[in-house]
Amino acid sequence: MGKPDASLKLEQVSFAYRNKDVLDGLSVRVRDGEMAGIVGPNGSGKSTMLKIMAGMLRPRSGKVKLFDKALSEYKRREAARFIAYVPQDLSIAFGYTAGDFVLMGRRPHHGALPFESAADAELARRAMTETDTDALSDRLLTELSGGERQRVVIAAALAQQPSIMLLDEPTAALDLRYQIQIHSILRRLNRENSITVAVVTHDLNMAALFFPRVIVLSKGRIVADGHPWEILTPELIEEVYRVHVDFTKRPGGAPIITPGIVAEGEK
Amino acid sequence: MKALTPLRFFARVLPFAIFFAAVMILCPLAGRVPVEISKALDLSIPRNLNSDYTLLFMLRIPRILLAALTGSALAMAGAAFQALLRNPLAEPYTLGVSSGAALGAVLAIKLGLDISFLSFSAIPLFAFAGSLGAMGLIYLLARGRSGLPASILLLSGVTISFFFSAMILFIHYMADFTENSQMIRWTMGGLDIVGYNSLAGLLPLWIIGAAALMVLAPSLNVLSFGATMASAKGVDVPKTQKATFVFASMITGAVVSAAGPIGFVGLIVPHALRFITGPDMRVLVPASAFAGAGFLALCDTAARVILPSVEIPVGVLTAMIGGPFFCVLLFRYKKRWGGGD
Numbered sequence: 008m009g010k011p012d013a014s015l016k017l018e019q020v021s022f023a024y025r026n027k028d029v030l031d032g033l034s035v036r037v038r039d040g041e042m043a044g045i046v047g048p049n050g051s052g053k054s055t056m057l058k059i060m061a062g063m064l065r066p067r068s069g070k071v072k073l074f075d076k077a078l079s080e081y082k083r084r085e086a087a088r089f090i091a092y093v094p095q096d097l098s099i100a101f102g103y104t105a106g107d108f109v110l111m112g113r114r115p116h117h118g119a120l121p122f123e124s125a126a127d128a129e130l131a132r133r134a135m136t137e138t139d140t141d142a143l144s145d146r147l148l149t150e151l152s153g154g155e156r157q158r159v160v161i162a163a164a165l166a167q168q169p170s171i172m173l174l175d176e177p178t179a180a181l182d183l184r185y186q187i188q189i190h191s192i193l194r195r196l197n198r199e200n201s202i203t204v205a206v207v208t209h210d211l212n213m214a215a216l217f218f219p220r221v222i223v224l225s226k227g228r229i230v231a232d233g234h235p236w237e238i239l240t241p242e243l244i245e246e247v248y249r250v251h252v253d254f255t256k257r258p259g260g261a262p263i264i265t266p267g268i269v270a271e272g273e274k
Numbered sequence: 359m360k361a362l363t364p365l366r367f368f369a370r371v372l373p374f375a376i377f378f379a380a381v382m383i384l385c386p387l388a389g390r391v392p393v394e395i396s397k398a399l400d401l402s403i404p405r406n407l408n409s410d411y412t413l414l415f416m417l418r419i420p421r422i423l424l425a426a427l428t429g430s431a432l433a434m435a436g437a438a439f440q441a442l443l444r445n446p447l448a449e450p451y452t453l454g455v456s457s458g459a460a461l462g463a464v465l466a467i468k469l470g471l472d473i474s475f476l477s478f479s480a481i482p483l484f485a486f487a488g489s490l491g492a493m494g495l496i497y498l499l500a501r502g503r504s505g506l507p508a509s510i511l512l513l514s515g516v517t518i519s520f521f522f523s524a525m526i527l528f529i530h531y532m533a534d535f536t537e538n539s540q541m542i543r544w545t546m547g548g549l550d551i552v553g554y555n556s557l558a559g560l561l562p563l564w565i566i567g568a569a570a571l572m573v574l575a576p577s578l579n580v581l582s583f584g585a586t587m588a589s590a591k592g593v594d595v596p597k598t599q600k601a602t603f604v605f606a607s608m609i610t611g612a613v614v615s616a617a618g619p620i621g622f623v624g625l626i627v628p629h630a631l632r633f634i635t636g637p638d639m640r641v642l643v644p645a646s647a648f649a650g651a652g653f654l655a656l657c658d659t660a661a662r663v664i665l666p667s668v669e670i671p672v673g674v675l676t677a678m679i680g681g682p683f684f685c686v687l688l689f690r691y692k693k694r695w696g697g698g699d
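Going down the list, the protein sequences come from chains A and B.
Residue numbers in the first sequence follow the working numbering, run continuously in steps of one, and reach 274 at the last position.
Residue numbers in the second sequence follow the working numbering, run continuously in steps of one, and reach 699 at the last position.
Calculated directly from the structure, the hints in this document are not laboratory data.
Fair warning: there could be bad hints in the mix.
Said to hold, decoys possible - Pairs of lysine-lysine, DSS-like flavour, derived with a Cα cap of 27 angstroms:
{"hint": "1", "chain 1": "A", "residue 1": "Lys72", "chain 2": "A", "residue 2": "Lys226"}
{"hint": "2", "chain 1": "A", "residue 1": "Lys256", "chain 2": "A", "residue 2": "Lys274"}
{"hint": "3", "chain 1": "B", "residue 1": "Lys597", "chain 2": "A", "residue 2": "Lys82"}
{"hint": "4", "chain 1": "A", "residue 1": "Lys274", "chain 2": "A", "residue 2": "Lys226"}
{"hint": "5", "chain 1": "A", "residue 1": "Lys27", "chain 2": "A", "residue 2": "Lys70"}
{"hint": "6", "chain 1": "A", "residue 1": "Lys70", "chain 2": "B", "residue 2": "Lys597"}
{"hint": "7", "chain 1": "A", "residue 1": "Lys70", "chain 2": "A", "residue 2": "Lys226"}
{"hint": "8", "chain 1": "A", "residue 1": "Lys82", "chain 2": "A", "residue 2": "Lys70"}
{"hint": "9", "chain 1": "A", "residue 1": "Lys72", "chain 2": "B", "residue 2": "Lys597"}
{"hint": "10", "chain 1": "A", "residue 1": "Lys76", "chain 2": "B", "residue 2": "Lys597"}
{"hint": "11", "chain 1": "B", "residue 1": "Lys600", "chain 2": "A", "residue 2": "Lys82"}
{"hint": "12", "chain 1": "A", "residue 1": "Lys82", "chain 2": "A", "residue 2": "Lys72"}
{"hint": "13", "chain 1": "A", "residue 1": "Lys274", "chain 2": "A", "residue 2": "Lys27"}
Claimed, not checked - Computed, partial: chain A to chain B, Cβ under 10 angstroms:
{"hint": "14", "residue": "Pro94"}
{"hint": "15", "residue": "Asp96"}
{"hint": "16", "residue": "Leu183"}
{"hint": "17", "residue": "His209"}
{"hint": "18", "residue": "Trp236"}
Don't be surprised by glycine CBs; every beta carbon is placed ideally from N, CA and C.
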């Protein structure tokens with residue numbers, strides 16, 4: 008068997024909700040071991056693109072390939088052994104503990120019997136250690152703070168032992184410290200566990216700091232794709248987001264992007 | 359972190375199995391008329407002359423077995439519907455399956471039908487047909503490309519339920535006094551049967567339904583976090599939703615046709631067990647089966663013996679006994695429940 012040339016590939020993918028086109032002939036390849044950020048304005052189709060990559064949505068036309076085989080040919084359970092998708096929010100109806108939930112990540116690997124083994128427990132425990140959630144194991148999910156809960160959700164995704172993790176705005180509701188923490192965890196998983204990571208985010212600065220590759224979407228098309236220090240130019244951002252931005256560079260080279268408006272108290 | 363190994367599974371279900379076994383052994387002995395076991399088992403007396411045999415084996419034991427099947431089916435179906443609808447207030451009757459059964463039953467009473475099929479009389483047959491009809495209608499109404507979305511399923515089910523209730527009221531209004539009292543008695547639920555015929559009809563449906571819900575249990579755990587999360591964890595969401603709805607409705611319809619819409623068991627037993635065992639459906643489904651069976655058999659035995667001269671309809675007693683018990687649980691464990699806001 009030849010070595011697969013890409014982990015996950017979209018070819019000419021289009022998608023529409025009712026009559027509203029969301030993705031328009033989009034092609035992209037996320038290579039094995041990459042860590043990519045997907046950015047773009049609201050409604051640009053980035054969450055839809057991630058859901059299609061995860062097999063949560065089927066494209067109206069075009070192909071999605073996981074290891075050179077059509078994603079639609081995988082059973083849901085098989086796909087979940089390779090791809091761990093982390094949705095934007097977690098809605099909790101019953102009193103499961105964080106540990107219960109992380110163990111559910113082992114579900115795609117189980118056979119017909121509903122039981123877990125000591126090995127499952129060990130993998131779940133390791134996933135919780137990686138995300139610094141060991142101490143939360145017996146706490147109810149409803150009792151956790153936003154940052155704790157998000158790390159538990161990532162731990163559950165990690166317990167799937169995926170090759171690819173796809174996360175939809177994992178830091179949207181988190182404070183600065185947790186934003187950095189979550190991104191650092193993802194970077195470590197990418198580097199040390201060689202998990203391919205793709206993250207939808209609104210935070211251009213965080214994307215520029217953590218992702219070696221950023222894909223910029225606008226109106227259902229990819230308008231830029233590459234290293235954030237090269238592609239996140241003021242011209243591109245102003246064109247895509249239709250706002251004026253102040254643009255500076257850190258001494259190391261990473262861009263700093265702030266809204267180009269007069270601040271409170273400034274003259 | 360506690361992985362559910364087979365050993366831990368049995369350890370967690372065992373107490374409920376013991377409770378069930380104890381109820382099953384003790385309840386046949388209770389009754390207003392004392393039974394001599396040795397006489398009941400005495401084969402030298404012709405059976406049609408052995409009143410102890412008749413009382414024990416043809417009346418009490420079938421009745422207790424029907425209570426057990428009914429209680430366990432309702433409790434399992436309740437646990438499944440709560441997870442499927444992601445709503446702790448859901449119960450087997452939320453979606454109109456019981457209204458369908460009731461419509462069938464009142465129709466059979468109003469028409470005074472005197473037919474039977476495989477030794478089942480018209481009322482349970484019509485009730486079961488009604489429940490299947492309701493199930494089919496709700497299914498067709500709620501079905502979408504992505505399965506049976508919880509909110510649409512709930513709305514379809516409640517609408518069908520209201521519609522059927524209106525038709526039931528209409529039939530009540532058109533019925534005479536005797537028919538009406540017969541209808542009202544049916545809706546109170548009753549487990550008084552003679553012999554094993556209706557049990558034999560019920561058992562295969564119960565076995566299929568219980569096995570299906572056990573298989574679905576791990577998927578239902580994840581499904582309670584929403585369709586997207588379940589799908590992300592490898593659950594085939596449309597298949598899980600449809601199978602859960604069909605099998606939980608089927609066992610509900612089957613036991614309601616045989617015993618009437620006995621309330622409270624399907625709502626409270628799984629709910630109470632969540633306080634005790636936690637929400638894991640893999641434990642909750644079998645624990646509900648044992649606890650629901652034991653609880654209803656106990657309630658029905660109380661219904662038989664509590665008043666010296668008359669039997670109380672068991673559907674009245676379930677809430678009268680279960681309500682205070684549940685209040686105690688609620689008071690003790692409300693902090694541990696954690697069902698969101």
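Check: Which of the stated hints cannot be reconciled with the structure, identified by number in ascending sequence?
Finding: 4, 13, 16, 17 and 18
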